[in-house]
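Enquirer: Residue-level listing of the chains:
Number of protein chains: 2
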Amino acid sequence: MDPHTLHTPKADVTLYLVTDSTGLREEDFLTRVEKACRGGITLLQLREKERSGREYFRLALKVKEISSRYHIPLLIDDRVDIALAAGADGVHVGQSDLPVKEARRLLGPDKIVGATAKTVPQALEAEAAGADYLGVGAIFPTTTKVVTVLTAVETLNAICQAVGIPVAAIGGLNKGNLSILENSPISGVSVVSAIMKQADPENAARELKKAVCALPSRRHLS
Amino acid sequence: MDPHTLHTPKADVTLYLVTDSTGLREEDFLTRVEKACRGGITLLQLREKERSGREYFRLALKVKEISSRYHIPLLIDDRVDIALAAGADGVHVGQSDLPVKEARRLLGPDKIVGATAKTVPQALEAEAAGADYLGVGAIFPTTTKVVTVLTAVETLNAICQAVGIPVAAIGGLNKGNLSILENSPISGVSVVSAIMKQADPENAARELKKAVCALPSRRHLS
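Protein sequences, first through last, are from chains W and Y. Residue numbers for the first sequence follow the numbering used here, beginning at 1 and rising by one. Residue numbers for the second sequence follow the numbering used here, beginning at 1001 and rising by one.
Everything labelled a hint here was simulated from the structure, so no lab data went into it. Honestly, I wouldn't trust all of these hints.
List time: in silico DSSO-like cross-link candidates among lysine-lysine, alpha-carbon distance up to 30 Å [claimed, not checked]:
#: 1; chain 1: Y; residue 1: Lys1062; chain 2: Y; residue 2: Lys1197
#: 2; chain 1: Y; residue 1: Lys1062; chain 2: W; residue 2: Lys111
#: 3; chain 1: W; residue 1: Lys210; chain 2: W; residue 2: Lys10
#: 4; chain 1: Y; residue 1: Lys1111; chain 2: W; residue 2: Lys101
#: 5; chain 1: W; residue 1: Lys62; chain 2: Y; residue 2: Lys1111
#: 6; chain 1: W; residue 1: Lys210; chain 2: W; residue 2: Lys101
#: 7; chain 1: Y; residue 1: Lys1049; chain 2: W; residue 2: Lys64
#: 8; chain 1: W; residue 1: Lys64; chain 2: W; residue 2: Lys210
#: 9; chain 1: W; residue 1: Lys49; chain 2: Y; residue 2: Lys1064
#: 10; chain 1: Y; residue 1: Lys1062; chain 2: W; residue 2: Lys49
#: 11; chain 1: Y; residue 1: Lys1049; chain 2: W; residue 2: Lys62
#: 12; chain 1: W; residue 1: Lys35; chain 2: W; residue 2: Lys210
#: 13; chain 1: W; residue 1: Lys175; chain 2: W; residue 2: Lys197
Derived, one-sided and incomplete: chain W residues facing chain Y with beta-carbon distance under 8 Å [what the hints assert, rightly or not]:
#: 14; residue: Ser52
#: 15; residue: Asp78
#: 16; residue: Arg79
#: 17; residue: Ala85
#: 18; residue: Gly87
#: 19; residue: Ser96
#: 20; residue: Leu98
#: 21; residue: Pro99
Note that beta-carbon positions come from the ideal geometry of N, C-alpha and C, so glycine has one too.
Next up, chain W with everything else stripped away, as it sits in the complex:
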């Protein structure tokens, strides 16, 4: 696809929350998800790699009930079957999950399929296979080294230039370090801790969204 012919995207990745329920009581987890919705997240991904299929499904139904009330699309990490069973809005697949092409085929043209890409070739392949957006990173990996971060941002920018679908930067981003992306033509950021682990997830989401929207090079795709 010509990257200059940008269509209205199916997924608004401006502030994309990926959940992490590890160590949280379910009630607390769901409350935090709801607060994040109130704070203005634009997309939500349920990511529960450790749970059994039945538990994942059960939790997906509960999260869907919340996200629907706020009209925020819910994606399921990896499991297309759970996305279908729970009536979610789509899936996010990584490089070790079902291929984008298969996810698209199972979900049909209207559901959202997002993909992780770490390189330009991976990004182009995912776009060609039908991905609606890309998650690209990690910008700040667990063991942060300045040189790693700069390389990550360079790759991120190259991917943004190469594809015509929205790109969300992922990996250790928060309000405090967002300025590293001020020259990146990303469409948004994807976070876990910067919202889920804050004392006030609603306010954290609101503040982070403001900061993302203020990024001067952001691609307004929604």
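Model the placement of chain Y on the given structure of chain W, informed by the hints.
Expert: Chain Y in isolation, oriented as in the chain W frame:
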């Protein structure tokens, strides 16, 4: 369903092989699966809990290619999405996987949905939700005690009486201990090691099938 009104079942569980690729080179694993097919298994389940979605899918395609040549239905453990993507013939779901009802809804009426049941209520629930057969056990759990085995066989028999769908006995069964099921109205047995871990999987399957077919109380449902 009236257990006396037995319809021709969709799944023939006479000799039902569940795979285990742990510790095997892929080529060796696939060769063993093919030998089992030649030896007369009637149903095949790919069970790869440890693999990533992409690896599971990739292996499912390879196994499907083999099983199709022998006209043996291939089921995928747990992952309905991988079953759909790989064109498998159905799924097997345990008590911690997607519920039978959801699996059936996603797969439609023609695919095979099998379920694990450990009690009569679980068996009746699975049958009502649309399961085509039940796997019941473990007859010989890892820590074998005679009293456990007898209780397991009692439960197995009660389940066979309660449902109208085929029941396969599972758990540590082999040619040597099969006689414990001589009064059980099972339709077949499900094994892993008794075929996959034998020097000659083809012959092991052939011999085991003969022994299963000779069980005097077996329900001939196919």
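Enquirer: So, for every hint listed, does it hold in this structure?
Expert: We went through each hint and held it up to the structure:
no.	hint	verdict
1	Y:Lys1062 to Y:Lys1197	20 Å, holds
2	Y:Lys1062 to W:Lys111	28 Å, holds
3	W:Lys210 to W:Lys10	22 Å, holds
4	Y:Lys1111 to W:Lys101	22 Å, holds
5	W:Lys62 to Y:Lys1111	28 Å, holds
6	W:Lys210 to W:Lys101	34 Å, violated
7	Y:Lys1049 to W:Lys64	26 Å, holds
8	W:Lys64 to W:Lys210	25 Å, holds
9	W:Lys49 to Y:Lys1064	26 Å, holds
10	Y:Lys1062 to W:Lys49	25 Å, holds
11	Y:Lys1049 to W:Lys62	25 Å, holds
12	W:Lys35 to W:Lys210	16 Å, holds
13	W:Lys175 to W:Lys197	13 Å, holds
14	Ser52	4 Å, holds
15	Asp78	6 Å, holds
16	Arg79	6 Å, holds
17	Ala85	4 Å, holds
18	Gly87	11 Å, violated
19	Ser96	4 Å, holds
20	Leu98	5 Å, holds
21	Pro99	7 Å, holds
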